[in-house]
Amino acid sequence: MWNDFLDMLFPSYCQMCEAGLAKGEKIICIYCRYHLPLANYHLLEANPLEKRFMGKVHVRYAWAYLKFTKRGRVQKALHALKYKGKQEVGQLMGIWYGEELRKSGHGEHFDLILPVPLHPSKLKKRGYNQSDTFASGLSEALATEWSPNLLIRTTASSTQTRKKRFERWKNVESIFGVSDPAQIKDKRILLVDDVITTGATLEACVEVLQDAGCREVSIAAIAAAQ
1 MWNDFLDMLF PSYCQMCEAG LAKGEKIICI YCRYHLPLAN YHLLEANPLE
51 KRFMGKVHVR YAWAYLKFTK RGRVQKALHA LKYKGKQEVG QLMGIWYGEE
101 LRKSGHGEHF DLILPVPLHP SKLKKRGYNQ SDTFASGLSE ALATEWSPNL
151 LIRTTASSTQ TRKKRFERWK NVESIFGVSD PAQIKDKRIL LVDDVITTGA
201 TLEACVEVLQ DAGCREVSIA AIAAAQ
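If you're matching positions, the sequence shown starts at 1 in this note's numbering and goes up one per residue.
Honestly, the hints are just simulated from the structure, not real lab data. The reader is advised that the hints may include incorrect statements.
[Said to hold, decoys possible] Beta-carbon label-pair distances, calculated as ranges:
(1) 46 to 155: 29 to 39 Å
(2) 155 to 181: 10 to 20 Å
(3) 213 to 108: 14 to 24 Å
(4) 60 to 140: 20 to 30 Å
[Unchecked claim] BS3-like mimics (lysine-lysine), calculated; alpha carbons at most 25 Å apart, straight line:
(5) 187 to 122
(6) 84 to 125
(7) 125 to 86
(8) 67 to 26
(9) 103 to 187
(10) 86 to 76
(11) 84 to 122
(12) 122 to 82
(13) 122 to 76
(14) 82 to 70
(15) 84 to 124
(16) 187 to 67
(17) 86 to 67
(18) 56 to 125
(19) 51 to 26
(20) 26 to 70
(21) 86 to 124
(22) 67 to 103
(23) 125 to 76
(24) 82 to 26
Every residue, glycine too, gets a C-beta built ideally from N, C-alpha and C.
Start from the sequences, fold in the hints, and give me the full structure.
Here you go:
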């Protein structure tokens with residue numbers, strides 16, 4: 001009863017369509033979940049995202065849960081996650097996608113989940129790393145260990161927005177490191193991010209992880225730009 005009263009005073013809204021949530025709905029309404037633009041890359045033998053990394057870095061899998069389009073539902077949810085403090089969006093997406101991966105037989109392919117890190121100055125300003133929330137949700141659904149501190153950002157970089165592909169690569173070159181290589185040696189790593197555009201940031205992270213001695217790296221994101 002008390003929760004019903006609070007909902008009347010402070011109604012909750014869907015982070016995708018901004019409609020009021022019905023009783024029993026949390027974070028994202030049933031309608032938006034049913035109409036999620038699923039990428040389903042984990043069901044394909046070869047997918048467009050894997051081809052994006054070919055000839056640049058070697059990854060076992062490259063997946064995204066959703067397809068990203070400008071001004072669409074996914075962009076609204078990611079904006080809420082990244083700029084409005086709605087960390088629960090990333091957590092929920094991680095759980096949902098982790099359940100899909102487990103159902104399709106990918107639940108035991110990874111030893112460790114690592115999020116793309118923020119520089120400490122940006123982390124302090126924002127208060128959290130949006131990729132951590134996705135990683136923690138995946139960890140819960142896949143029953144796989146995750147760590148927010150093994151992959152680190154050693155140098156702050158300027159925003160990637162509006163940069164061309166080569167500019168993005170130069171912007172993130174040599175700014176990542178591994179805090180304890182012994183903890184990733186021979187591990188099958190699932191590297192996760194919120195959204196993939198050119199993939200330059202992920203490429204830089206993959207190289208660092210491989211240089212540190214992991215067995216293999218796969219990539220997963222909440223969404224990928226088409």
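We went through each hint and held it up to the structure:
1. The hinted range of 29 to 39 Å is satisfied by residue 46 and residue 155, whose Cβ atoms lie roughly 35 Å apart.
2. Against the hinted window of 10 to 20 Å, the Cβ-Cβ separation of residue 155 and residue 181 comes to about 19 Å, which satisfies the hint.
3. In this structure, residue 213 and residue 108 meet the distance hint of 14 to 24 Å, their C-beta atoms being roughly 21 Å apart.
4. Checked against the hint of 20 to 30 Å, the C-beta distance between residue 60 and residue 140 comes to roughly 22 Å, which is consistent with it.
5. Annotation: proposed proximity of residue 187 to residue 122 is violated, straight-line Cα distance about 28 Å (limit 25 Å).
6. A C-alpha spacing of about 13 Å is found between residue 84 and residue 125, which places the hinted pair at or below 25 Å, so the restraint holds.
7. Proximity of residue 125 to residue 86 is assessed by CA-CA distance (about 15 Å); at most 25 Å being required, the pair is judged to hold.
8. The hinted pair formed by residue 67 and residue 26 meets the criterion: a straight-line CA distance of about 22 Å does not exceed 25 Å.
9. With a C-alpha separation of about 22 Å, the suggested pairing of residue 103 with residue 187 holds against the 25 Å cut-off.
10. As the CA atoms of residue 86 and residue 76 are separated by approximately 11 Å, the hinted pair is consistent with the 25 Å bound.
11. Restraint check for residue 84 and residue 122: satisfied, since their Cα atoms lie roughly 15 Å apart, inside the 25 Å limit.
12. For the given pair, residue 122 sits about 12 Å from residue 82 by alpha-carbon distance, which is consistent with the 25 Å threshold.
13. A hinted pair counts as satisfied when its Cα atoms are at most 25 Å apart, and residue 122 with residue 76 qualifies at roughly 21 Å.
14. For the given pair, residue 82 sits about 15 Å from residue 70 by alpha-carbon distance, which is consistent with the 25 Å threshold.
15. Note on residue 84 and residue 124: the hinted pairing holds, with a Cα-Cα distance of about 15 Å set against a maximum of 25 Å.
16. Between residue 187 and residue 67, the direct Cα distance comes to roughly 29 Å. Violation of the 25 Å bound is thereby established for this hinted pair.
17. Distance check on the hinted pair: residue 86 and residue 67 sit about 20 Å apart at the alpha-carbon level, within 25 Å; holds.
18. Between residue 56 and residue 125 the CA atoms are separated by roughly 32 Å; this puts the pair beyond 25 Å, and the hint is violated.
19. Note on residue 51 and residue 26: the hinted pairing is violated, with a Cα-Cα distance of about 35 Å set against a maximum of 25 Å.
20. With a C-alpha separation of about 24 Å, the suggested pairing of residue 26 with residue 70 holds against the 25 Å cut-off.
21. With a C-alpha separation of about 16 Å, the suggested pairing of residue 86 with residue 124 holds against the 25 Å cut-off.
22. Our distance criterion of 25 Å between C-alpha atoms is met by residue 67 and residue 103, whose separation comes to about 20 Å.
23. Restraint check for residue 125 and residue 76: satisfied, since their Cα atoms lie roughly 21 Å apart, inside the 25 Å limit.
24. A C-alpha spacing of about 18 Å is found between residue 82 and residue 26, which places the hinted pair at or below 25 Å, so the restraint holds.
In summary, the structure is inconsistent with hints 5, 16, 18 and 19 from the numbered list given earlier, while agreeing with the others.
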